[in-house]
Structures are given as structure tokens and as C-alpha cells.
Amino acid sequence: MTRPPQASGGRTWPAITIRGLCKSFGPAPLYRDFDLDIPRNKIIAVFGPNGCGKSTLINMIAGLMPYERGEILFDGKTLKDTKVGYVFQNYRDALFPWKRAIDNIRYPLALAGMARAEIAARVDRIVAAFDVRFDLARYPYELSGGQQQLVSIMRALVPEPEVLFLDEPFSALDYEMTLFIREKLQQVFMETGTTMVLVSHDLEEAVFLADIVLLLTKRPTQIAEIIDFTVPRPRTVATLSTPAFVATKAHTLDVFQREVRK
Amino acid sequence: MTSYLAPIARRLGSRRLWLPFIGPALLIAAWSLLVESGTISPILLPGPVSTLKHLWSVTVSGAVAGDFLMTLSRTVQAFLIATVIGVPLGVALGASESLYRSVEFVIDFFRSTPSSALIPLFMLIFGISDFNKIAISAFAAVLVILFNSAYGVMNAKRTRVMAATVMGATRFQVFRDVLLWESLPQTFVGLRSGISLALVIVVVAEMFIGSDSGLGQRIINAQQIMNVREMYGSILAAGVLGYVLNLLFLILDKKVVHWSGRA
Chain A
1 MTRPPQASGG
11 RTWPAITIRG
21 LCKSFGPAPL
31 YRDFDLDIPR
41 NKIIAVFGPN
51 GCGKSTLINM
61 IAGLMPYERG
71 EILFDGKTLK
81 DTKVGYVFQN
91 YRDALFPWKR
101 AIDNIRYPLA
111 LAGMARAEIA
121 ARVDRIVAAF
131 DVRFDLARYP
141 YELSGGQQQL
151 VSIMRALVPE
161 PEVLFLDEPF
171 SALDYEMTLF
181 IREKLQQVFM
191 ETGTTMVLVS
201 HDLEEAVFLA
211 DIVLLLTKRP
221 TQIAEIIDFT
231 VPRPRTVATL
241 STPAFVATKA
251 HTLDVFQREV
261 RK
Chain B
263 MTSYLAPIAR
273 RLGSRRLWLP
283 FIGPALLIAA
293 WSLLVESGTI
303 SPILLPGPVS
313 TLKHLWSVTV
323 SGAVAGDFLM
333 TLSRTVQAFL
343 IATVIGVPLG
353 VALGASESLY
363 RSVEFVIDFF
373 RSTPSSALIP
383 LFMLIFGISD
393 FNKIAISAFA
403 AVLVILFNSA
413 YGVMNAKRTR
423 VMAATVMGAT
433 RFQVFRDVLL
443 WESLPQTFVG
453 LRSGISLALV
463 IVVVAEMFIG
473 SDSGLGQRII
483 NAQQIMNVRE
493 MYGSILAAGV
503 LGYVLNLLFL
513 ILDKKVVHWS
523 GRA
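Residue numbers (our numbering), protein chains in the order written: chain A, 1 to 262; chain B, 263 to 525.
To be clear, the hints were calculated from the coordinates, so they are not data collected in a lab.
Using N, Cα and C, we set each Cβ at its ideal position, and we do this for glycine too.
Among the clues, some could well be false.
Said to hold, decoys possible - Short derived list, chain A residues pointing at chain B, Cβ under 7 Å:
1. Tyr67
2. Tyr86
3. Trp98
4. Pro108
5. Leu143
6. Thr236
7. Leu240
8. Pro243
9. Phe245
What the hints assert, rightly or not - Each pair of labels, with its calculated beta carbon distance range:
10. Arg116/A x Pro376/B: 28 to 38 Å
11. Leu512/B x Arg125/A: 54 to 64 Å
12. Arg438/B x Arg125/A: 25 to 35 Å
13. Arg433/B x Gly26/A: 40 to 50 Å
What the hints assert, rightly or not - Chain B is faced by these chain A residues, among others (derived, beta-carbon under 10 Å):
14. Ile126
15. Ala129
16. Ala137
17. Tyr139
18. Pro220
19. Arg261
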């Protein structure tokens, strides 16, 4: 195995390497020989113009969508040997309504054939980490949207995945709930260092959460720019008005607008 | 149980309690009026009071009980056969869209054919046996159950299948943990239509496939000797049976498929 070029530039050994990825919808190519290294223990926000295939990219990486050519490896392994988590935009359609919230969270562990005691211990830990204040014995449809998405995030995180994918997880939530879940997510990231790939259509959110913002071009999709945002965590609402944040956001917006107008 | 009683208790406190009784009251009033005014001869249609009185007397004496239970037993047997065949087969067909498409026409054709039209065919196959009545009824019910279960699986939420897949579920685990559950609300629609249809066909079969028991036989015998009170009484008994079966499935549906329409 050869070390990918980016690894020497002070970045860590990547969690995911994508080489020569090709994907088209009909005759139009969406990705053509697309290469990307996703570093480990970072939050990467994927941002770009409408229709550039942000969700398609993470769906291909997560094995939810086929691609024509190319290779996607997780630390040198294929997806089959890798534990990943995925949080969908539409929590209502992603949770199992016939299971109570707590059983939804237990499900991936039971699927992995884990012993009861171990399942209970893991679930207890994640429930404590997220400081859950509502009744998890309820069914998902008895919970608010924000609570459902929280359950869905806990379900994705409880198996301790190597990578967590989040596809516009806050777009259906109100601002108050978004702030709350963002904070919880950041806190879990600080405790566990789980690599997270977040698709976002909200620039402020992307920059706020990310260590790295991956800016994509219009299709055929290429990398427009990879922008580092190194303000230390925990970031708070106050971070939103710091010069570093404002500058990064402004720069990202510039690149974005340049790409949209191309 | 309390969750079902709560809305009733709430309604007890208001005038809305009376709403469900308006329809039956109007029906009985119209029925009385038709008979009392002489528009319809009492030879063809006895008044509601005398009909209900008769139904009450044959119910209390137990005269109708045997036929009622016979029809119920045939309906339940036909329904059970239809369920045991229809649900697994429907779920299996639904899981493979190409398989379903290849037999779709046959299912839709026979689902659209009145099953009663097939009674002569079934008489050729099974003779004038008791099992014939169950067989034709099961045949009618199996199609509607199968079709609904298959659609339930085919219309499963893609996101839920993807969620299970990304968590590492195998094809079989996706089927067992997601598709089967996703099909349940639609399967219950099929089961409820299935039991109603089973009852319809059992009663028709009891009328026209030589029978010595059942509500259908009771209705046709009463009609032939112009015992109209007996005939309407038996029709009402069949109606009560159908209504109760339907109600039972509605309650079961709310209990089992609690998420239906809410998620």
C-alpha cells in the first residue's frame, strides 16, 4: 500500500481514500476520475452548488448507491470490513416506527450479535453522553422532530463507527433544536474523535462544525477548494462572530459564488 | 385498553354520543313507514318490530345459533387458509418486483372476476362438499390478501431499507426486520377485506351449493317457503356477523399496527 500524497503534508493518515471515482446519471457524467482523501478524526463538511452530487458522494462512499468505476477504501479496507454510521435527512422515514426509540438505538448492536449486557452498557453510555431528557420507551412518532433526529444520531453512533455520515441532518429542524443537536454532536466528536462527513446546504453550519470544508464545483464535479477551519473546540455561539469564523465563511462564500457563476 | 375507552368516555360527556344512533333510527323509521303506510305488502317486508322480535326469539331459543356458528366457522376456516397462503406468498412476491410483475396479470384478473362466478367450476373440482364452500371462499380471500401484502412490501420506505443496509443488515435481515414490518399496515387492509369477502362467498355458497346448514341456507330456505320474517332475521344475523368481524379487525389493526398512518 502506498501512502497517498496528502499524508506527507502534515495531515494524518486518511480514513477514506477515493481514487478514480466515476458516476453518471444518464449520459451526463457527475463524477469523472474523482480523487479525494478524507482525513481521520476530523469533521468534514461537504458544500457545493445545487445538483453537484453532495449526497450522491456520501451515498456512494457509504455503499447506498452504486458507481461505475473507481475505488473507495477505508483505511485500506473495503466497506464490507468497515463499520459506518449514517444519519438521514428524513428521520421520520429512517427510524423504525414499530420499535420504541430505545429499541431503535439497540437495533444495530443486536444486528451485530452483541450480548445483552454489552448492548445495555453501550446504550446507557450513549444516552448519558447525549443527556437525553425524554422518554426513550416511546415510539418515534410520539417524539418531536428534534428528538427523533437525536434518536437517529444515537442509533448511528452506538456501534462506534469508524466514520459517521450525516446527510443534511438539521434541514428539517427548527433553529433551537439545530443549535442543541450541533452542540451535542460536537461534544461527542470531542470525546470520541469519530470521523464525520457532513453534507450541508447551510454555509454557516458547515463552517461552524467543520475542521475542513470540502467545496465542490458544478458538474462534472471536481474539488473547488479544501478550506481548513482550525478554531479550537468547543465552538459556541460566540464563535460565530469571531474574526476567524467570519473570514473563513466569507472566503468560502467567495469560492462558492465563483463556482456557481462559472 | 384504556386508550380505546378514553374517546368514548370523552364523548359520553357531550351530545356527540347520539350521532351514531341517528342513521339506524332513520333507517328503522323509514322501514316502519313503508310497511305501515302499505306501500310494501307485509307479505314481502314485515315491520321492523316483528322482524327484530322474531330474530330475538330465534336467538334466545338457540334456533339460529347452529347456522350462525356454522357460517362463522366456515368463514374463519376459509380466512385462515387464505391468510396462511396469501401473506407469505404476497410478501415473497413483493420482495421481488420482477416476480410480481410476471404474475400481476393473473392476480388482477382473478381478483376482478366475481368469485361467485367460479362456483360451478369449484363444484366440478370438489363436488357438493362442505369443503367446497370453504375452498371457493378461501380462493376469493387469498387473492385480495396476497395482493395487499405484496404492495405493502413493494411500497416499503426506501430510506428504512437503506438505514438497515448501512447498519450491516444482510438481505435476509432487511427482509425480516424491515420489509415484513413495512408490509404490515397494508397486510391488515388485505386481511380486513379478506374476511369480509370470505363471509360474502360463504353465504353465497351456502345458498347455492347444496347445504343443510349456515345462514345462507337459512335465508334461501325461508325465501322458498315465503317465511319473510325468518328471511330478514337471518339477513340481519349475517349483517351482525359481518359487522362484528370487521370491527374486530379494526381494533386488532390499531393494536398491532399502532404506527400505521402516524409514521
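Results for each hint:
At its closest, the beta carbon of Tyr67/A sits 16 Å from a beta carbon of chain B; the interface hint therefore is violated under the 7 Å criterion. Taking 7 Å as the C-beta contact cut-off toward chain B, the hint placing Tyr86/A at the interface holds, the least distance being around 4 Å. Interface restraint check: Trp98/A against chain B, minimum CB-CB distance 5 Å, threshold 7 Å, status holds. Of the supplied interface hints, the one on Pro108/A holds, with its beta-carbon coming within about 4 Å of a beta-carbon of chain B, less than 7 Å.
Against a cut-off of 7 Å between C-beta atoms, the interface hint on Leu143/A is violated, since the closest Cβ of chain B lies about 11 Å away. Interface restraint check: Thr236/A against chain B, minimum CB-CB distance 32 Å, threshold 7 Å, status violated. Because the beta carbon of Leu240/A sits about 32 Å from the nearest beta carbon in chain B, more than 7 Å, this interface hint is broken. Restraint check, Pro243/A versus chain B: the minimum CB separation of about 39 Å is more than 7 Å; hint violated.
At a threshold of 7 Å, the smallest CB-CB gap from Phe245/A to chain B is about 32 Å, leaving the interface hint violated. In this structure the hint that Arg116/A and Pro376/B lie 28 to 38 Å apart at CB is violated, the actual value being about 54 Å. Distance hint check for Leu512/B and Arg125/A: the Cβ-Cβ separation is about 42 Å, which falls outside the suggested range of 54 to 64 Å. The beta-carbon spacing between Arg438/B and Arg125/A, approximately 28 Å, falls within the hinted interval of 25 to 35 Å.
In this structure the supplied range 40 to 50 Å is violated for Arg433/B paired with Gly26/A, their Cβ-Cβ distance being about 28 Å. With 10 Å as the threshold, the beta carbon of Ile126/A stays out of range of chain B, its nearest partner Cβ sitting at about 15 Å, so the hint is violated. With a cut of 10 Å, the hint placing Ala129/A at the interface with chain B is violated, because the nearest CB-to-CB distance is about 19 Å. A cut of 10 Å between beta carbons decides the hint on Ala137/A: the least distance to chain B is about 14 Å, and the hint is violated.
Taking 10 Å as the C-beta cut-off, the interface hint given for Tyr139/A holds, the closest approach to chain B being about 6 Å. Below 10 Å, beta-carbon pairs count as interface contacts, and Pro220/A has none with chain B, the closest being about 25 Å; its hint is therefore violated. The restraint placing Arg261/A at the interface with chain B is violated, with a minimum CB-CB distance near 34 Å, outside the 10 Å limit.
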